[in-house]
Amino acid sequence: MTTGSILQALANALKTHSVRVIDLTQTLSPEFPTISLPPEFGQAWPFRVEEISHYDERGPGQYWNNFSCSEHTGTHMDAPAHWISGRYLPNNTVDTLEVQRLVAPACVIDCSAASAQNPDYLLSVDDLKAFESKHGRIPEGAWLLMRTDWSKRRDAVSYQNFDETGQHTPGPSTEAVRFLVEERNVIGFGSEAIGTDAGQGYHLKPPYPCHSLMHGAGKLGLQCLANLDLLPPTGSLLMTPPLKILKGSGSPLRVLALVEDQA
Amino acid sequence: MKSNLFPTKNPILRTPRMNLPPTGRGRVAHGFTRAAATSDHLELQVCEQCETVQYPARDACEKCLSPELTWLKQSPLGELLGVTTLHHSNHLYFQERLPWRIGIVRLDRGPTVIAFLTKNVSPPETISDEHRTRVQVLLRLDRGGQAIFVAHPIEELNIDLKEKLQMETGCSPLGRKILVTDGKTAAGQAVVKSLLDAGAETVWVGYSEPWKSSEVIHRLKALDRVELVPLDLTDARSVNALGSELGGKVDIVVSNAEVHRTEGISSRPGTDVARAEMEVNYFGLLRLAQAFGPAMKARSADGPGHAVAWVNLLSIFALSNYPSQGTFSASKAAAFSLAQCLRAEMLPHGIRVLNVFPGPIDDEWNQNVPPPKLSPSALASAIVRALTEGLEDLYPGDVAREWFARWSDNPKALERELVGGSL
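Going down the list, the protein sequences come from chains A and B.
Okay, so the first sequence: first residue is 0 according to numbering that gives the first Met the number 0, each after it adds one.
Okay, so the second sequence: first residue is 0 according to numbering that gives the first Met the number 0, each after it adds one.
By construction, these hints were calculated from the structure, which means they are not laboratory data.
Keep in mind that a hint or two might mislead.
[As the list claims (entries may be wrong)] Just the calculated beta-carbon pair ranges, DEER-fashion: (1) A:Glu139 / B:Ser212: 53 to 59 angstroms; (2) B:Pro268 / A:Glu139: 51 to 57 angstroms; (3) A:Glu163 / B:Pro229: 18 to 24 angstroms; (4) B:Asp362 / A:Ser157: 25 to 31 angstroms; (5) A:Gly135 / B:Ser266: 43 to 49 angstroms; (6) A:Ile244 / B:Ser266: 25 to 31 angstroms; (7) A:Asn117 / B:Pro229: 28 to 34 angstroms; (8) A:Val156 / B:Gln289: 24 to 30 angstroms; (9) A:Pro89 / B:Ser265: 33 to 39 angstroms; (10) A:Ser157 / B:Pro6: 43 to 49 angstroms; (11) B:Ser265 / A:Ala10: 57 to 63 angstroms; (12) A:Asp228 / B:Pro347: 55 to 61 angstroms; (13) B:Gln339 / A:Pro29: 44 to 50 angstroms.
These numbers were taken from a predicted model, which means no experiment stands behind them.
Even glycine gets a Cβ: it sits at the ideal position worked out from N, Cα and C.
Go ahead and model the full structure; you've got the sequences and the hints to work with.
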């Protein structure tokens, strides 16, 4: 069982908790906000749930619900087709994504202190190079996850963080996105905030660089992640299978990370 | 929460249930119902042939037998011929609210009617014609939604809101605990202010998506007698949670939350905006009625501070589709239909359902609609007045009244006139 030995070892490690599974997912609840565009635009539906029956006259033996939400509600993945820059790429929707890519290593860069100081904090190329000098080069095909502790903002008002100039949440700079796409060839970028781009990302050049450049290069996005503080800077393995929605531009998903004990 | 105005309920006694006044009326008598639904002004049938004013309502003129009888507004003035006070009744509704003062009034326009008398109507001291007590007779809806005559002193300008007949026919916000479903709209804020000015004891104000327009929420929060409550009508769990918490407390629901966009069928592809309108304007009302209706119905005779009314902010566009706001009109037509169902379910419990049909309100989504537009404060005071008078249908503002008149006269004509796009 030479090919099975890795998985056998993994199974044993899971059993003994030397490899732990960490949930990076926000609970899908009606209260969890979705991205808010100007009201004359189309809007992503928030998560809504209504009972079909609850052991009652509508179905005495069953409890079950109907739910509705957008492809971009809760912890979700953006596929390349989400952005106009990625619209002509092959296999650019969630149903056609190569599943081999959906289990991938993650690098977690800690921007929590800077984001606490400045909600508009932009991750820079210098931050990425400093990370690499400490933890090694970001491997090709890895996720770059930006830890901001934004998921610890439990109330929707401070999570959204709007004022009269719009939303104020951290994200990557245009140059950082370019570096990750062109020089590191990551699989995608992950954020704890409501979008992969900063709240003020519309004012960057190009507007929303993480969406525009990542998806234009066939990369993926993860947003509304949680528990990034429980991951090591390197060495974790992410499982990110979206729902297989026909021509889906994205999908809510359960994001799990495998973390190995530092023995 | 204890009311300042109404006695505190004894919680170990059974909550009394509603026994309605008699509800049977012939079809022709619903001419009074139609009149009383929109105004307290007296209307009577007048013969087109001989101009005789009729009472009771009938199919043919009492004098010349002509069937051509028209309902017309009449002078409410008359003189009191006699007074009696009922101290006994076999009818449960009247029995539970004894005594009743009743009088015979000869209207200046001819007919003699039997009317309930407010406590301020003094009895006729003499039978000589010169000294008879003069009264004004108003048309009001009773708890069962049927029209009755109420005689007031002729000089009475300010109605005593705690007077029994007023309590039994009106739904004044005075001393009531009220839910306004959306405090974030201009209309919602104006309604909250008017209800407070009218003496509401508590106004619970719903808000959704708190990360938007948070300064409005802060402003409302600072108001005395206002309590903010999270309420998102698109979220069944949110509505049900608030219903469970407040359903047994709320005396008046003001369902004012609405999504208002200005699209027709072809101005925007897809259904997401139309669906968002339906989700709040129609399904939101349905969720709200399911969550708050049962407890309100159970409290409709719960002492003097009982549950009393339900207000729906509809639109005059519910009557006939205004094409440049076509999907909004359709959602309001759906809400209007559902509001009729709500009224049918509330009437047997004595809860008044007031449907409000404004023309364009002066708010952000009617920015491109030319004047006249209804100011939010005018809308709000009209709602408080209509509640106080116990009306069922309110057409506030010039546009609404004009539309209603055109629609009543010839709905087909109004439909054609709206093809051109003007109001």
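Here's how the hints hold up against the structure:
no.: 1; hint: A:Glu139 / B:Ser212: 53 to 59 angstroms; in the structure: 46 angstroms, violated
no.: 2; hint: B:Pro268 / A:Glu139: 51 to 57 angstroms; in the structure: 41 angstroms, violated
no.: 3; hint: A:Glu163 / B:Pro229: 18 to 24 angstroms; in the structure: 23 angstroms, holds
no.: 4; hint: B:Asp362 / A:Ser157: 25 to 31 angstroms; in the structure: 28 angstroms, holds
no.: 5; hint: A:Gly135 / B:Ser266: 43 to 49 angstroms; in the structure: 56 angstroms, violated
no.: 6; hint: A:Ile244 / B:Ser266: 25 to 31 angstroms; in the structure: 29 angstroms, holds
no.: 7; hint: A:Asn117 / B:Pro229: 28 to 34 angstroms; in the structure: 30 angstroms, holds
no.: 8; hint: A:Val156 / B:Gln289: 24 to 30 angstroms; in the structure: 29 angstroms, holds
no.: 9; hint: A:Pro89 / B:Ser265: 33 to 39 angstroms; in the structure: 35 angstroms, holds
no.: 10; hint: A:Ser157 / B:Pro6: 43 to 49 angstroms; in the structure: 44 angstroms, holds
no.: 11; hint: B:Ser265 / A:Ala10: 57 to 63 angstroms; in the structure: 59 angstroms, holds
no.: 12; hint: A:Asp228 / B:Pro347: 55 to 61 angstroms; in the structure: 58 angstroms, holds
no.: 13; hint: B:Gln339 / A:Pro29: 44 to 50 angstroms; in the structure: 29 angstroms, violated
Of the numbered hints stated above, those contradicted by the structure are hints 1, 2, 5 and 13, listed in ascending order.
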